[in-house]
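**Student:** Respectively, the protein sequence lines represent chains C and P.
In terms of the working numbering, the first sequence is numbered consecutively and its last residue is 133.
In terms of the working numbering, the second sequence is numbered consecutively and its last residue is 470.
Be aware that a few hints might be false.
Pairs of lysine-lysine residues, derived as BS3-like cross-links and limited to a Cα-Cα distance of at most 25 Å, are as follows [as the list claims (entries may be wrong)]:
| # | chain 1 | residue 1 | chain 2 | residue 2 |
| --- | --- | --- | --- | --- |
| 1 | C | Lys29 | C | Lys54 |
| 2 | P | Lys453 | C | Lys29 |
| 3 | C | Lys56 | C | Lys111 |
| 4 | C | Lys105 | P | Lys374 |
| 5 | C | Lys111 | P | Lys317 |
| 6 | C | Lys56 | C | Lys105 |
| 7 | P | Lys377 | C | Lys81 |
| 8 | C | Lys29 | P | Lys317 |
| 9 | C | Lys109 | C | Lys33 |
| 10 | P | Lys374 | P | Lys453 |
| 11 | P | Lys374 | C | Lys29 |
| 12 | P | Lys377 | C | Lys29 |
| 13 | C | Lys96 | P | Lys317 |
| 14 | C | Lys56 | C | Lys33 |
Simulated from the structure, these hints should not be mistaken for laboratory data.
Quick caveat, the model's predicted, so the values are computed rather than measured.
If you want the building blocks of each chain, they are given just below.
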Amino acid sequence: MTYSSELIKGTLKTIVLKLLADNKKMYGYEITQKVKELTQDRIQITEGALYPTLHALEADKLVTTQTEYIGRRVRKYYSLSAAGKTVSKEKVSEMAAFMNTMALLLDLQPKTR
Amino acid sequence: MFTITDSHIDFILCDLRAKGIRIDDLQNNLLDHICILAEENLEDGDDFEMFYRSNIPRFYRQQLYEIEEETLFLLKRRKCFALLSRLQFFLLLFVLLIGPIICWTIATLGGPGQKNDADAIIRACEGGFVFSLFPLVTLLVLFLTPERFDPLIPKGARILLGWRPLVEIVRP
Chain C
21 MTYSSELIKG
31 TLKTIVLKLL
41 ADNKKMYGYE
51 ITQKVKELTQ
61 DRIQITEGAL
71 YPTLHALEAD
81 KLVTTQTEYI
91 GRRVRKYYSL
101 SAAGKTVSKE
111 KVSEMAAFMN
121 TMALLLDLQP
131 KTR
Chain P
299 MFTITDSHID
309 FILCDLRAKG
319 IRIDDLQNNL
329 LDHICILAEE
339 NLEDGDDFEM
349 FYRSNIPRFY
359 RQQLYEIEEE
369 TLFLLKRRKC
379 FALLSRLQFF
389 LLLFVLLIGP
399 IICWTIATLG
409 GPGQKNDADA
419 IIRACEGGFV
429 FSLFPLVTLL
439 VLFLTPERFD
449 PLIPKGARIL
459 LGWRPLVEIV
469 RP
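Just chain P, with the same shape it has in the complex (with noise of 0.2 Å):
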């Protein structure tokens, strides 16, 4: 049976610290779990590092650093009330503009000094078409062209809502 050395833990520690693996006890869960697989696979004096280097890939699909990811992902879902996706992100915002004016139209209806439903909402699409083009145009560019002009809410990303922080992008 392969025997785990020092040396082998301290180049497991550093290279999985390098990948980007920063929470200890993700480091530890993932230090045990290689040593495990050398101690069944290796024999005394087989090379150690050559077989961790062939083994370590599979734990993820681009990056060993994924794995971190997902936890601090899932951490941090835990603490959201809505997970969006970027395009139900952008209905959001959409809705939020364009609600006030919405609001404000359905209240002006059939109130006193109108000649009729008909004057208010001519009135409300005024008021809507002055306040809100800018940012409904704004959004529009954002959602359109995502990879130059929004660099902060990348195609694939998820949104986390919650309160601390109020909003979240988790980059895919």
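Pulled out of the complex, with its shape left as it was, chain C reads as follows (with noise of 0.2 Å):
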């Protein structure tokens, strides 16, 4: 089963800023395939999404970008800044507690009582 992408749509900045805070730097193509790989196929990233919120994150000083060249082709590298490992951690502790509160609104946890 793949998600929606308006499910996941809200969750990409949080998604690609835990995964550059749990490796050191990533580029595109790499990040789409580690998502995969965790979700196993059921989170694909499509690049349309990916890229333009690597660059909204870029211009908010949130990751830093290192180039490499391949020949003539130009790959570029994101690693977080320290605002961006901040906002991370934030954002994570905020999709847990949305996460949760999901959880008790749609009445997917057994009750207490």
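Grab the two chains, each in its own frame, and use the hints to assemble them into the complex.
**Tutor:** Okay, here's the thing in structure tokens:
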């Protein structure tokens, strides 16, 4: 089962920040493959969503970039800045709290009583 | 393993530009992504152009330049202080038009020379009717007939409010 793009869209920034927090530096294709691998193909990040997000994160100075030339190609590696590390922790905490709330709201957890 | 040549790179870059990708960084990211896909999925001697044409549609929903538009939108959104839907934008204009009349009404309530509050309200409504009727009707017409008379703010557009520019319409 794959999840709808609308569901993933709101969480993409958190996913990318968390992956970059766990891995020193990554490039776009690597991020898409890592997500596929970790979620056993259930979440597939599209290129159309990933690259705009990476550009926005760079403009917000949450990630820093390094470029590597492979012949005429340029590979851009992204890594978290100091501000990005803080935001990554905040986003992950926010997401965890949100998931707990949703679980309560949708009655997905057994009641304690 | 498939080897990407300079002519493949030229072909990809040329196609990306033709399809509306103009940001250099984005071009480079997409170029590298496509090259890796080809290297991992093709063998020497395979038809690169056919592979490219069958795989590029998975990058977008309708057109490739959606990626560039989304990038520009996210970059612009950082600078704005409000993101409004079309309905919210028209409601804001409505409030801006009618707001001064309401303020004037409140200010004149119980003021000197007023016989009573009802007089003040009636006079304010008369003033409001004269001064804001035409702009309000224009606003209503624009809101109800977006496709013919309001090509600047089509249905589904998003409106960014910032400083430079003050108002920016992002088309759907």
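**Student:** It remains to establish, for every hint, whether it holds in the given structure.
**Tutor:** Structure-based check of all given hints:
Of the pairs offered as hints, the one joining C:Lys29 and C:Lys54 holds, with about 17 Å between alpha carbons and a cut-off of 25 Å not exceeded. Under the criterion of a C-alpha separation no larger than 25 Å, the hint pairing P:Lys453 with C:Lys29 is consistent with the structure, at around 22 Å. Between C:Lys56 and C:Lys111, the direct Cα distance comes to roughly 21 Å. Compliance with the 25 Å bound is thereby established for this hinted pair. Taking the CA atoms of C:Lys105 and P:Lys374, the gap is about 23 Å. The hint holds against a cut of 25 Å.
A distance of roughly 35 Å separates the Cα atoms of C:Lys111 and P:Lys317; the hinted pair therefore is violated under the 25 Å criterion. At most 25 Å may separate the alpha-carbon atoms for a hinted pair to count; C:Lys56 and C:Lys105 meet this at roughly 23 Å. Simply put, P:Lys377 and C:Lys81 have alpha-carbon atoms about 14 Å apart, close enough for the 25 Å limit, and the pair holds. Annotation: proposed proximity of C:Lys29 to P:Lys317 holds, straight-line Cα distance about 24 Å (limit 25 Å).
As the CA atoms of C:Lys109 and C:Lys33 are separated by approximately 12 Å, the hinted pair is consistent with the 25 Å bound. With a CA separation close to 20 Å, the supplied pair P:Lys374 and P:Lys453 stays within the 25 Å bound. At most 25 Å may separate the alpha-carbon atoms for a hinted pair to count; P:Lys374 and C:Lys29 meet this at roughly 18 Å. Proximity of P:Lys377 to C:Lys29 is assessed by CA-CA distance (about 21 Å); at most 25 Å being required, the pair is judged to hold.
This hinted pair checks out: C:Lys96 and P:Lys317 have alpha carbons roughly 22 Å apart, not beyond 25 Å. Simply put, C:Lys56 and C:Lys33 have alpha-carbon atoms about 16 Å apart, close enough for the 25 Å limit, and the pair holds.
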